[in-house]
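S.K.: One-letter residues, chain by chain:
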Amino acid sequence: MDVDPITLEVLRNKLDGIANEMQLTLVRSAFSAIVKEGLDASASLFTLRGETLAQALAIPVHLGALTPMVGRLLQDVPLETMGEGDIWILNDTYMGGTHLPDIAIMMPVFAGGRVIAISAAMTHHQDVGGMAPGSTPTNATEIFQEGIRIPLLQFRRGETLNDTLIAMLRRNVRLPDVLMGDINAQVAACTIGARRLSELAGGFGRDELLALFDELLNRSETMTRQALLSLRAGTYRHVDYLDNDGIELDKLVRIEVAVTIESGQMTCDFTGTSPQVRGPFNCMASGPYAAACFALRSVTDPEGHIPNNGGCFRPLAFRLPEGSLVNPREPAPTGCRTSTIKRITTAILGALRQAAPDRVPADSGSEIVIMHFGGQRSDGRRYVTSQLLVAGSGASHHLDGVDVIETDASNCLNVPAEALMLEAPIRVHRVALACDSGGPGTHRGGLGGVFEYELLDGEATVTYRGERHLCEADGVDEGIAGGRATAVIRRMDGREEVIKSKLVSTLRKGDRIVIATAGGGGYGSPLRRDPALLQADLQNGKVSLEAAREFYGYRGNV
Amino acid sequence: MSWTRGAFCHPCRHEATCTIATLPCYLGETQQQEATGDREVPTGQSVTIDIGVDIGGTFTDIVCRRAGQTMQTLKIPTTRGDPSQAVLNAIEHLGRSFGVAPGDIARFLHGTTIATNAVLERKGAKIGLIASEGFRDVLEIGYQLRQDLHRILLEPVTPVFLAPGAQRKEAREQVSAEGEIIVPLDEASVRQAVDELVADGVQAIAVCYLFSFLRPEHEQRTRALIAAAHPGIAVSLSSEVDPTFREYERTVVTAFDAYMKPIVGRYLERLDDGMRTAGVSAPLQIMQSRGGLAGTSVARKRPVRLFLSGPAAGVIGGAIVGRSSGYRDLITIDVGGTSSDIALVEGGEPVTRAQGSIAGFPVRVPMVDVNAIGAGGGSIAWIDGAGGLRVGPHSAGSEPGPACYGRGGEEATVTDASVVLGWLDPAYFAGGSVALDPALAHIAIEHRIARPLGLSVEEAALGIHRVVNAQMVEGIRLVSIRRGLDPRRFTLVALGGAGPIHATALAADLGIGNVLIPRHPGVLSAAGLLAAPIEHEVAVAFPRALKGLDVADVRRVLDELDRTCSGLMAEEAVGSMPTSIQYSADVWYIGQSYHLEVPLAASASGALDKLYRDFLVQHDRIYGHATEQPAAIVNLRTVHRAGGSDHLDEGTYRPLDATLEKPRRAIRVAGANSSLPAAIYHRPAMPARLTFSGPAVVEQDDTTTLVEPGWRGTVLDNGNLLLTRG
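So the protein lines, in turn, are chains F and D. Take -6 as the starting number for the first sequence in the working numbering and just add one per residue. Take 664 as the starting number for the second sequence in the working numbering and just add one per residue.
Bound conformation, chain F alone (with noise of 0.2 Å):
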């Protein structure tokens, strides 16, 4: 198509800006915490056939993830029903959602009478009803116990707000207010979305605007093929284990991986993956999806330069068994799929790294040990908090792995130990890097971290979900596997349990948690490592005499 490419070009920036402001909106408004320091939420522009026009920065997770469901709406509202101001709402895993807690708002998007374009926001929900406070148990085993399902229904027609939606959904939820809140959040960004974009196609014709957005697609489409063009070309495999499905504790969950790139085309085929599981570590397909893109992405293109739309999911394609962990079976639980998204993307960049060994690290640790604490003081005041601990990155070709960092699919802020502290009856007594945890190599693991806490008053409730504890992160051309995670209560009479990677139990006053998280994998036999880097581990504590002599064939005393 002839299209002018300065046009073009500042089509481009304004759709970007665009999809900022929408974002800057979800994550100012919203209420909850998960949102403002997760990032936990994502805003896009959508085109026609249901492709991302334009999505701002958020965690990898969300890349695409909104698309399932925008196809859903275009699938099932004819455009010419639909009207200014109109907004629906939809939520359920089985109709292109992801977990229950992820809510979508969806907003067509006119210029000249006409729909151009579909404005939507995704917020992950700090409540949406289930079994368990914060709608994502561990022990789930059927979606019905996870929280409300939404189908994609209406939720305001021009001005007209769905009332007894709304009323049902109030009764459905733990804390409404801050439900509506995050809502009404995504709302105004999905306002901003419609608004400037209808605004800025004021000055061209509906069907040159069209064209416009195909174009923009067709060049990042493009772009990414040229860069699978790069690799080389094959089908990798990998396997990679999650260390069990919460229910079922001494069962690791298998994922496997065959990633074919072939004339400028990626496929993920899952054939080999666990049939799906009993806990709510099963996925739908926006997981696969994402983690592939933020893989080929961050492979081929680190910088950014291909413009983040739609078209960089053409070139992808996969094969998802029907029944297994990346497609299951209604009622399946979803709701603990980050663990698994995760785990699916180390299995995809293990996959490509064959094809590109110096662009992809060892494996990372690579996951994230979610706390929930919550419990009753002795003078009965309640209290829920929670803390998000991350484990070592994986060493590369040229580089250490970095220490207790996050990876791959999220990128979570722990809690400070004073605001922890000062939030409830808990001692923080360490915070501390894991010294030998990083897996040894030319190249060392990056390290993970000790984190101790003892209760100081009451009884509280305290569930934990680790990974790594029984599969560790494996370490690359004879470089060492990073060390497993663990996890132990230490009791106030001296007696010790350990955490088999999920756990809800009680703790009482003066019982301690400690936790280790994983560390990263080697790159590299460690015998070649560099004397130099080797002596500075060992004064800066980050390896033992004892491992330096054993792995790095070390013969000094430090």
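No wet-lab data here; the hints were simulated from the structure. Hints should not be assumed to be uniformly reliable.
Said to hold, decoys possible - Pulled from the structure, derived: some chain D residues nowhere near chain F, Cβ distances all over 10 Å:
#1 D800
#2 E1009
#3 A1233
#4 G1287
#5 H1345
Unchecked claim - Across the chosen pairs, the derived CB separations fall in these ranges:
#6 D:A1102 - F:R312: 57 to 63 Å
#7 D:G989 - F:G195: 29 to 35 Å
#8 D:T1227 - F:E296: 45 to 51 Å
#9 F:P350 - D:G1071: 32 to 38 Å
#10 D:R1284 - F:E296: 33 to 39 Å
#11 D:P740 - F:D200: 54 to 60 Å
#12 D:D1272 - F:D200: 55 to 61 Å
Just so we're clear, the structure is a prediction, and the values are computed from it rather than from any experiment. Backbone N, C-alpha and C define an ideal beta-carbon position, used for all residues, glycine too.
Knowing the structure of chain F, use the given hints to seat chain D on it.
M.R.: Quick look at chain D alone, frame taken from chain F:
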């Protein structure tokens, strides 16, 4: 007649990434010192003279003001090795160019990059860090966030370089969240830690214990132990540098403070000594991050407050230009070579924030809220893999610089586009000191952009501007919206050498109707120093719910803060200047993790009710909602100010008696298919109340202003240029 090279493309004026060693050789010693502005140099009179000196990465800007007279300005190269030498050179130039006798200088004000550069170049002191037992790795773990979401090859995001593991020690001690001592300080563990650190060669020690902001005794005792054993070691205590909660931020800012203390101390000492030797008896005052000045004795105690000193002064300068022209809500944009700095001024005051970022690290120091975006005059235009036109984020910087500089640059930059379009006069770039080669600009745009896209060179050049302007516009929108402000009701102030060429295009796209071009946009940071107040700010943690809180408790803490602040002010030579005091509280909803700074009228009746109501209003504005849920105070703060001015006190604006208009020149502008004849004005000769219409170009030594069709220009009585739409 003076040179102000690089005014259009001076990369990172306030950063250290430019290399002075590569300054072009045509800047010979003898021709560097010509002054702009009024040539009548009164000598021999006893007058009050204020001097502002802003040291940037490339240039040191000097402004000289005699009360009631036109401000004089001067640029000299920054002396890379020892920036204090540039200040001392400035004193010499002042004598030579302006006839200023050192003894006549009443105030000597300084904006510096010393702190920022020490971090960017990793040139601070070797320091040790002592933490509570169990917490020595907080500095390295931080918030565990990665900076770039789409990267898998990661590098550390925390400032580990400040103190690697071997330089971090622990002291046995524990204080509870209520401020009770659980484990008393084990002095033997402190002595041992200190001895080991000193043996390892550290020059300064940072001490950060948990909850020390509630109970500072352990940190204070640690300092005494260090002083007793090793009196030469500089010490920074977290309970003094930043006495508020969240241990990672407190550790980082305390460590930075220690890291810079020896360097800043030496720097200020050399300056003080040099000034005395040169015969200057006026006190030296330094611009701080928050936009206020402080004397050297205070500044050296709190070196961490000197971050972004220069950009802060620039925003102050922009605010003053706005206030003195009758505009109090401003967006300032300072377009540099690689990036543009955007800041907001609301109600005449620069918007500040409680925490900034230096070289990507969080630094919890109150700062003028300056936001950088990666688009500037040196940004390179390129063609992507799918044949699309892109601009930036890579920049040609000052070396080799835009193609038209003729220093080997072959890439097409935004500045090259300005030359091709006729906006910049190649013979009068930077006052004629740098001859631009339009043929090279033409070739670069033709080869790199126009031909691959099948466009004419002029169309390609217009396209480059449209694209880079779209980026700047979206950047400005985000900065405004983040504060809950609608850019349309603001006035745009273009700073820096390159800002005024983009100003009308940006304003039109943003829906802004007024644009101000200061008289000296190229030296506004130095000018801002002259009008800034002396300011001291002290804050303390005060974690108390608002409900049931006794205002007397608040009052007691504020009195304490006031005493500290008055002590700092007493070290300044403020004389009889009246001091104003402002209180504020950081407030949040209980359970929330982010807070808002709300002004507090502590002596008024119902002060805490008003605080709560004001919090709700501000929360609604910034976050779009506010419900009457319980709120709590996080920190209390007092700010003492003395001096400061609403105008630059330049005296009556008098145009130079010179030719006002140059011959018309054909320029290309967006929206017209062919060249238009544009009036070319010589800014120093423009009389007050002169009005004119676009298309026009206004030229002056330190900048060029493009006035697009549809805009009218008016020279205000104070000499600033106002552009209005329609």
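S.K.: Determine for every hint whether it applies to the structure shown.
M.R.: Do the hints match the structure? See the list:
1. D800: Not fine: 5 Å to the nearest Cβ puts D800 (chain D) too close to chain F.
2. E1009: holds, 17 Å
3. A1233: About 33 Å separates A1233 (chain D) from the closest Cβ of chain F, which puts it past 10 Å; holds.
4. G1287: violated, 4 Å
5. H1345: holds, 33 Å
6. D:A1102 - F:R312: 57 to 63 Å: Distance hint for A1102 (chain D), R312 (chain F) holds at roughly 58 Å.
7. D:G989 - F:G195: 29 to 35 Å: holds, 33 Å
8. D:T1227 - F:E296: 45 to 51 Å: Hint holds: Cβ distance 48 Å, inside 45 to 51 Å.
9. F:P350 - D:G1071: 32 to 38 Å: holds, 37 Å
10. D:R1284 - F:E296: 33 to 39 Å: holds, 36 Å
11. D:P740 - F:D200: 54 to 60 Å: holds, 57 Å
12. D:D1272 - F:D200: 55 to 61 Å: Between D1272 (chain D) and D200 (chain F), where Cβ atoms are some 59 Å apart, the hint holds.
Hints 1 and 4, counting from the list given before, are not met by this structure.
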